[in-house]
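If you want the building blocks of each chain, they are given just below.
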Amino acid sequence: MPQLSAEELRTRMRRDLPGAVLEAAPLQIVPPAHGSKGPFVTPDVLVEPTRLLDAALYLRDQVGYTYLSDIAVVDYLTDNLLEVVYRFYHLDGGPSLALKVRLSRENPELPSLTPHWPGANFHEREAYDLYGVVFTGHPFLRRIYMWDEFEGFPMRKDFPKQGDKYIGAEE
Amino acid sequence: MDIQRGNIIVMDRRRGKLRAGQGLLQGLKVVWDHWIGSFRKNENFSQIHGTFTIEYPDERMKLPQAYRNMPVLIYDDETGHELCTACYQCARACPPEVIHITQAKDPNTGKMVPASLEFIIEYDACMSCGLCAEACPFDAIKMDHFFELATDDRMGLLQRKADLNRPISYYTTIAPDLWDEVKEGAMKKLQGSIKRRPGVIGIAGHLSDKIAARRRELEAEAAAAPPAPADAAPAAPAGKLSPEEKAAKLAAMRAAKAGGAAPAAEAPAPAPELSPADAKAAKLAAIKAANAAKKAAEASAAEAPAAPVDEKAAKLAAIRAANAAKAAAAEAPAAPVDEKAAKLAAIRAANAAKAAAAEAPAAPVDEKAAKLAAIRAANAAKKKSE
Amino acid sequence: MLKTEELQINIGPQHPSTHGVFRMIVTVDGETITDLKPVFGYLHRNHEQIAEVNTYLQNMPYTDRLDYFNSMANNHAYALAVEKLVGIEVPERAEYLRVLMVELTRILNHAGALGFLINDMGAWQTQLAFGMREREKILDLFESASGARLMCNYFRFGGVARDLPPDFMPRLKDLLIAMPAFVDEMERLLRENEILLQRSENIGILPKEVAISYSVTGPMLRASGVPYDIRKAEPYSIYDRFDFDVPIGAVGDVYDRILVRIEEMRQSKRIIEQIIQQLPDAQGGHINPKARQNVRPPAGDVYARVETPKGELGFYLVSDGSLKPYRYKVRAPSFINLTPLGDMCRGYKVADVVVILGSIDIVMGEVDR
Amino acid sequence: MYDVINHLINTVFGLGWPSWAISLIAYLLVATILFLVAPFQMLFLTYFERRAIAQMQDRIGPNRVGPQGLFQPVADGVKMFTKEDIVPDAADKWVHLIGPCVVVAPTMFMFAVLPWGPGMVPLDMNIGLLFFFAISSVSAVGLMASGWASNNKFALLGAMRAVAQMVSYEIPAVLSLLAIVLVTGSLSIVDLIHQQAGLFISSADVPGIPDLGLGWFVFTPVGFLAFIAFFIAALAEGERTPFDIPEADSEIVAGYMTEYSGMKFGLFYLAQYVLNFLLCAITAIIFFGGWQGPGVGWLYAQAITPTNPDGNGLFNVLAGMLGVFYFLAKTYFFFFVMVWVRGAYARLRIDQLMDFGWKFLIPLTLVNVISAAIWVGLTKWGAAEGLAFVEGWAPLMRWGVAFVITLLLNIAAYIFLARVYSQAQDERARLDNEVLERLTNVA
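Protein chains in written order, with the working numbering: chain A, 1 to 171; chain B, 172 to 557; chain C, 558 to 926; chain D, 927 to 1369.
A few of these clues could be false.
[Unchecked claim] Ranges of calculated distance between the beta carbons of each label pair, as one might list FRET restraints:
#1 D724(C) / N178(B): 47 to 53 Å
#2 I179(B) / V578(C): 58 to 64 Å
#3 Q236(B) / K594(C): 47 to 53 Å
#4 A191(B) / D586(C): 31 to 37 Å
[Said to hold, decoys possible] Computed far set for chain A versus chain C, every beta-carbon distance over 12 Å:
#5 E8
#6 E23
#7 D44
#8 L103
[Unchecked claim] The calculated lysine-lysine pairs, modelled on BS3-like cross-linking and capped at a C-alpha distance of 27 Å, are:
#9 K1019(D) / K906(C)
#10 K366(B) / K354(B)
#11 K1005(D) / K1019(D)
#12 K200(B) / K282(B)
#13 K381(B) / K282(B)
#14 K276(B) / K200(B)
#15 K594(C) / K1019(D)
#16 K282(B) / K332(B)
#17 K359(B) / K332(B)
#18 K282(B) / K359(B)
#19 K730(C) / K233(B)
#20 K906(C) / K1005(D)
#21 K594(C) / K157(A)
#22 K212(B) / K200(B)
#23 K161(A) / K881(C)
#24 K906(C) / K641(C)
#25 K157(A) / K730(C)
#26 K730(C) / K212(B)
Derived by calculation from the structure, the hints in this document are not laboratory data.
Ideal Cβ placement from N, Cα and C applies to all residues, glycine included.
So that you can see chain A by itself, here it is in the shape it has in the complex (with noise of 0.2 Å):
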C-alpha cells in the first residue's frame, strides 16, 4: 500500500510543479464566542487555482492517485474564501491525499476536471449549485438540486436561513 503523506506530497509538487504549492495560512474559522481554540491551520496541500489542473494530473499520472473520490467545497465566511478540497486516492490502497484551492467568494473561479474525471461532473454541479463555484470547461454547469430559477447559493454561510424569499417573491 502506497503511503505517500501530504508533507512528502508538497514537497514533491514543489519540486516538479514550481509555483502550484501556495504555503496555507492559518483559518480564523472559530468564531470568538467559541473561545480559545486557535486558529486551523491545514496539513493538506494548498494549490494555486489556476494550477489546479496540473497538480491534479501530475496527482494521477506521476504519483499514481487514480481515483477522484471527492470534492468538498467549505465557505469561510470569516476569512472571506471558499475552499474547494479535492480527494483522490490510489487504487493499491491507502489513506487519501487532498489538494485543496482557496477562491475569493466574490468571485469563485476554477478550471474543471471533468474533461479528464467524468466523475467530477456531478460534484461540480453540486458545488455550483451549492456554493456557486464556477468551473470552466464543463460540459453542462447546471443547478443539481436546485431548480434553474434559484437565485443565491443555499450552503453559504451568508444565506438566510430562515424565511423563504421565494414565497414572497411570487405574491
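Here the structure of chain A is known, so what remains is to put chains B, C and D in place on it, guided by the hints.
Chains B, C and D alone, transformed into the frame defined by chain A:
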C-alpha cells in the same frame, strides 16, 4: 493490488455452456418448492419456506423491548409523581426540536420546582430517534411501543403532558428488563425531587386532583384526631384492632401529643371515638375536625401577636388549617378513606404540629415576618369562617 | 431518404421503476437510446446544512435518512469521522457489534437490491419477495438491538447505543442457517436463467478504466474488475481481523454486478461467522464510558469513509471547535455511481435503462440529500 | 344443446316445434350462458392468480373479502365501476372509447367455437380452429387504436410493441397448430377432440386401442414440441410474463393502458384474462384432449346424440359434467402454469422477443411440421400415396417407428437451434458493443 487475509475472486460467468432452458427449469423448480412450502407457516429464522406474512390486525409481532416509537413521560404509580424534573436535557438533545417544556414554579415562593408544568412533544415532527430517552438523567422520558398513531386531526399529534403520562407499571409491561436496569437510580432520584416539590406539583395531571383531595381529607382527619386524650384510647382493646386502625390510632396519638404541646393547635373538643372506622364516624370526625380547625385558626390568629412564631411555620399551619377546614366542609360526607393514606396524612400532620410546637418557643426572629404570618393566618381564618 | 424523428421521453419523476423521484430525459431513436440526462433534486432537503445547525450527536439520526436501506452503515461512517476528529477510542466489543451490524446491512441491502433489479427486469416480485423475507429477518434483529427497523440510529461516538439483547445471538445463528440456502436459491433463480442472461449479459458495460475515471464505487467498481474494497484497501474499524474475499467481475456488465452482489452476501456471512466466534473474547463494553453525548472536537477537518453496500460513503467534517460541525459534507455512493448512467445507457434499448439503473442500486434519499 | 332441447320439446312434451325454433332457443340459451360465464372466468382467474402467486412468494394473498378472499375480485370490480373515467384532453375521444371495445369483442366471439364438454359446443364449425385464431388477431387493431388515441408516448410505444408482438407470435402459434392439423386432417375443434380418444396412443393412429380418453396429442413427439411452441406463443399472445412487454410496468408504465381508467381499464383487463382463459382452454383442447378423460367417452356413448337419438338424457348430464370437469381442470392447470411462469421469470426485451420468435420458435415449428408430415406418412399413408413399404407393418409398429423418428428429429432440431440461437445472441452482443462504441464518446 494485493489483499491481506483473503483473495480476489473473478466471478465465473460460465461461458460456453449450452443454454437450452435448464436455467428456466431451475427457476420453475425453486418457485414450485415455495408454492408447496407455502401451505405451512415460516416459523423461525432458519427456514426459508413457508408463508411469512403476519396478518397484522389479527396477529401482531412481539415487539422487542428496545423498540422505540414515540417518547412518553412516566410517573410513579404509588405516589403519582412524575419522574420528570424539567431539566431540559431532552429538549436540548432533540434533533428536530419538538420537545417544549415549561418548568413548574412554587405558587407561594415563586421559585422553580423540579417538575414540569407543561410538557409538549410534537409527535408529527418527532423522528423517533430515541436521543431524548438516552439523554434523560432521570429516566423520565421513555420510548413507547404504541405505534397506531394515525389521526385525521391536524393538531391531534401535538401531545401535551396529560397525553404523554404513562405509569411505571405500563412501562414495565413493555420493557421490563430495560426498567430493571435503571429502576434503582431512577426511584432514588425521584425521591430526591419529591422532597423539593410542594403540594401537588409534579403529580401526574389526572391524578393530582384526586391525590390533593385525598391528602386534604386525610389531613383534616389527622387534625381531628390529635385532641383525643390518651386515656380515651383504651375504649377498645388494642388486640382487637385491625392493623390499619392500629396505625391510625398510633398516628392520632402522636398527633395529639404534638398538638398538646403546641398552643396554636390546641382544640377543646375531645374526640370520643378512636379512629374513623366507619362512615358515620368519619363524618363525625370530619365535622369535628372542621370545628377544631376553625377554633385552632382563631386561636392562632389571636395568639399570633402575642407569641410570634416563625413565619414559615405559621404560614404552614395557617394553610394547613385552611385546607383542612375546606376539605372538611366540602368532603365531610365522603366516607371511608384509604387507610394507608390516612396513616401517612396523620403522621405528616403530627410531624407538622410537632415542628410548630418546637418552633413556637423560639423567640420571634423578625417582627415583620411575624406580623405577616399573623395577618395571613387571620385572613385564612376569616375565609374559613365565611 | 426516409427520415425518422427522435422521440424524447421523460422516464420519471413519477415512474414505477425509478426507485423514488428520479427523472431521466431519454431521447430515443425507435427504441434505441441516443441520449439520457438524469435529473434529480426532488428529494433535496439540504441535509448538509441541517447538519450544520445540529450538534454532532444530533446528526446521527439524520445520517439514517441518507440511505434508508443501510442506516447502520451510514451511522458507521459518521461515527468514524467524528471519532477521528475528536480522538475517541472504541472498545473492542463495540467494534465487533459495529461490524456485525454493518455486515448484516450488506446482506440485506444486496438481497433487496437484487430483488429490485429483477423486478425492474419485469419479474413479478418473486425474487423481491424472497429478498424481502430475509431482509425482514435481519430487520427484526436490528429492531431488537437498536429499537427501530430502518432508522436504527444505533451507533454512538465511542461505541453503540445498546448492548445486544439476550435473544439476539440465537436468532442470528438461526438466520445464518437460512442464509446459504437463501443465497443458493437466489443464485439458482438468477444465475443461469436464460431470460435473465439475455437481459443482463453485455448490458450496461462499464470498462475498468472508464469505471475508475467515473469514480464509481462499491459493487459497481468491483464488477468492472477493480478489486478496490475499502475494507481491504484502507482497513477501518477491525476489518483487518477477518478473512474474506473480494469478488470482482470480468466484463463489467449488469450480469457481473449481480454475480458480485451474490458473492458479497456469501463473504458477509463469512465475516459474521468469524464475529460470532470472536465476540465472546472481545474486551470492553458496548460503549466507551468516556465518550459523552456532547462532543466538542478541536478545530480541524477530517475525512472518514466506509465501504457501505453501495460503495464508498465518506464524511468530510470541518470543526470550528464548537458543539456543531462547521461543515459537513457527504460523499454519497449512490450519487456518484449515477454519473456514468448516461454513457452506460447510450445505444441500448428503453427496457435496458431501468435495468442498468437498477444495477447501480441507488437510493434517492442519498442521491438528493 | 340442440339435441337436448329437441329431445325435451319434441320427444318429452311432444310439441312438434320446427327445427329453426329449437335452434333459436338453443343458441339464445348458449349465448346467455357464455356471456355470464366469461366475466366470471375473469373474476375467478384474477383471484386465482393473486392467491397462487402470493403463495409462490411465501405470502398469503387476498383473504379478507369474503371466505378466503373469494369476493375480492367483486370488490375490485365495484371499485373499477365507480372510478372516474378520465379521458386526456389531447386524446382522440372516439377512438379512445372504441379501443377497449374492439379489444374485448373478439375474445367473446372466440367462445363460439369452444367445446366445453361432449356435445357441448356452441357452434361446431368445420373451420373452428381457423376462426379462433383469425378472430383473436382482431384485438391487435383495438390495441393500436387505444394506444394511438391516448396521445401518450408510453401508450404509443406500448401499442406498437403489442401489435408487433401479436403479429409475430401468431406465426409460431399457427405453425404449431398446423402440425396437429396435418396429423388430424381436420380444422374442426370437435373433431380434434374426438381424435384424442385412446390410451397414450391415439385411437385414430392405432385402431383398437382401449378408449380411456387419454390419447392426447401431447404424448407424441410432434404434439409435444407443438405444445411447447404453442404454449410459449400463447404466453406472448396473451401478454403474459415473460412476454408482457406491451404493458411492461417497469419500462413504459402500463403501455397502451396508461391513459385508461375506470371501466375502460377494466375492459382491457377483462379482455386480457378472458383471452388467457381461452388460450389455456385451446391448449387443453388441442394437446390435452379437452373434455377427454377416463369415463367420458363411455358415458357419452349412452347419451342422446345425433347418432344415438334413443339414449338416456341422464347420461347427457353425467357426461357433460364429467367432461366440463376435465376440461376446466386442464384449463386451470394451464393457467396455473402461466402464473407459475410469471412467478419465476423476468421479462424479455422487445428485440429479444422478436429474435426468439423469428429465429428460434418459427424454425422449430417448421421442423415440427416436417415431423408431422413424417408422422402422417408413417402412420396413415399407404401404397396409394407411394409408401408401399409401410403397408405391411402392424399399426403399432408403424406408430413406434414414427414416434422414434420424429422424436429424434425434434430433439436434434431443438438442440441445433438452441446452439445456433445462443451463438446469434453473442453475435448480437458484439454488434451491440460496436453500436455502443460508435455512440459513446467516453474519454
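Results for each hint:
1. D724(C) / N178(B): 47 to 53 Å: violated (36 Å)
2. I179(B) / V578(C): 58 to 64 Å: Since I179(B) and V578(C) have Cβ atoms about 38 Å apart, the given range 58 to 64 Å is violated.
3. Q236(B) / K594(C): 47 to 53 Å: Since the Cβ atoms of Q236(B) and K594(C) sit about 50 Å apart, the hinted range of 47 to 53 Å holds.
4. A191(B) / D586(C): 31 to 37 Å: Check passed, 34 Å falls within 31 to 37 Å.
5. E8: The claim stands: E8(A) keeps its Cβ more than 12 Å from every Cβ of chain C (closest is about 18 Å).
6. E23: holds (18 Å)
7. D44: Its Cβ does come within 12 Å of chain C, the nearest being 8 Å, so this is violated.
8. L103: The assertion about L103(A) holds, with a minimum of 15 Å to chain C.
9. K1019(D) / K906(C): violated (31 Å)
10. K366(B) / K354(B): Distance of about 19 Å is within 27 Å: holds.
11. K1005(D) / K1019(D): Holds. K1005(D) to K1019(D) sits at ~23 Å (cutoff 27 Å).
12. K200(B) / K282(B): violated (76 Å)
13. K381(B) / K282(B): holds (25 Å)
14. K276(B) / K200(B): violated (73 Å)
15. K594(C) / K1019(D): violated (33 Å)
16. K282(B) / K332(B): holds (21 Å)
17. K359(B) / K332(B): Roughly 23 Å separates the two Cα atoms, so the pair holds.
18. K282(B) / K359(B): holds (23 Å)
19. K730(C) / K233(B): Holds. K730(C) to K233(B) sits at ~19 Å (cutoff 27 Å).
20. K906(C) / K1005(D): Distance of about 36 Å is beyond 27 Å: violated.
21. K594(C) / K157(A): violated (31 Å)
22. K212(B) / K200(B): holds (20 Å)
23. K161(A) / K881(C): holds (16 Å)
24. K906(C) / K641(C): violated (47 Å)
25. K157(A) / K730(C): violated (50 Å)
26. K730(C) / K212(B): holds (20 Å)
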